[in-house]
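*Asks:* Keeping their order, the protein sequence lines are chains X and A.
Numbered per my numbering, the first sequence spans residues 1 to 111.
Numbered per my numbering, the second sequence spans residues 1001 to 1112.
Rather than coming from a laboratory, the hints here were simulated on the basis of the structure.
Since this is a predicted model, take the numbers as computed values, not measurements.
Any given hint could be a false lead.
In silico DSBU-like links for lysine-lysine, alpha-carbon gap of 30 angstroms or less [said to hold, decoys possible]:
#1 A:Lys1093 x A:Lys1068
#2 A:Lys1104 x A:Lys1068
#3 X:Lys24 x A:Lys1068
#4 A:Lys1068 x X:Lys78
Pulled from the structure, derived: some chain X residues nowhere near chain A, Cβ distances all over 12 angstroms [to be verified]:
#5 Val12
#6 Met15
#7 Gly16
#8 Ser31
#9 Gly59
#10 Pro61
#11 Glu62
#12 Asn71
#13 Glu83
#14 Pro84
#15 Ser104
#16 Arg107
#17 Val110
Built from N, CA and C at the ideal position, the CB exists for glycine as well.
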Amino acid sequence: DAGVIQSPRHEVTEMGQEVTLRCKPISGHNSLFWYRQTMMRGLELLIYFNNNVPIDDSGMPEDRFSAKMPNASFSTLKIQPSEPRDSAVYFCASSSPYGYTFGSGTRLTVV
Amino acid sequence: GESVGLHLPTLSVQEGDNSIINCAYSNSASDYFIWYKQESGKGPQFIIDIRSNMDKRQGQRVTVLLNKTVKHLSLQIAATQPGDSAVYFCAEKKGGDDKIIFGKGTRLHILP
């Protein structure tokens, strides 16, 4: 079991550019979550999917953020246009009835 | 509203001593609580969980205590080791909900 796989591990981009973060959940896990982690706000839930359907996107900061889950094995979180305040570590997690597993995160720096 | 409150202090503990990390939660509808450990450069890792029908649960070197009356959760780590150095988060989940809400974390620093 390779766990939850996120890519890229690090991303540095200029303000105004589009950023796409990717996540491959654990096979068989029905739910997928995107979290953002900053020192100021801690771990914030942005959005989660159940069986590929978005269930709660109330944590998405604004319209610049969007997330998709086209199939059970892939999800993306897109920021367009990116801003310096989006700099954070973005985690993807997937879950089964037995618990959550987190990926290693993508560290995003917007300059 | 829902919140799991945990100011972000640093707890320094001598190697071999016991550690106690505390957490307050505010959502009385939460019925499942989890402690996570996050090491530098990694995602949070599950340590131990407890359901609201229990007040204590023990694992290997870790114990979670739940006091629903005062909405308080604690994590006890016995015989703290250097490998225990990390940030620890409590998290809560409401029955029927899939999402987990995290507190802000406590950094545990082990003194040699």
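*Asks:* Work down the list of hints and note, for each, if the structure agrees.
*Replies:* Structure-based check of all given hints:
1. A:Lys1093 x A:Lys1068: 14 angstroms, holds
2. A:Lys1104 x A:Lys1068: Holds, at roughly 20 angstroms.
3. X:Lys24 x A:Lys1068: 37 angstroms, violated
4. A:Lys1068 x X:Lys78: The given pair, whose Cα atoms are some 39 angstroms apart, is violated under the 30 angstroms limit.
5. Val12: About 16 angstroms separates Val12 of chain X from the closest Cβ of chain A, which puts it past 12 angstroms; holds.
6. Met15: The assertion about Met15 of chain X holds, with a minimum of 25 angstroms to chain A.
7. Gly16: At roughly 28 angstroms from the nearest Cβ of chain A, Gly16 of chain X sits farther out than 12 angstroms, so the non-interface label holds.
8. Ser31: About 5 angstroms separates Ser31 of chain X from the closest Cβ of chain A, which leaves it inside 12 angstroms; violated.
9. Gly59: 9 angstroms, violated
10. Pro61: 16 angstroms, holds
11. Glu62: For Glu62 of chain X, whose nearest Cβ neighbour in chain A is about 20 angstroms away, the distance exceeds 12 angstroms, so it holds.
12. Asn71: 19 angstroms, holds
13. Glu83: 23 angstroms, holds
14. Pro84: Answer for Pro84 of chain X: holds, closest chain A Cβ roughly 22 angstroms.
15. Ser104: 5 angstroms, violated
16. Arg107: 9 angstroms, violated
17. Val110: 20 angstroms, holds
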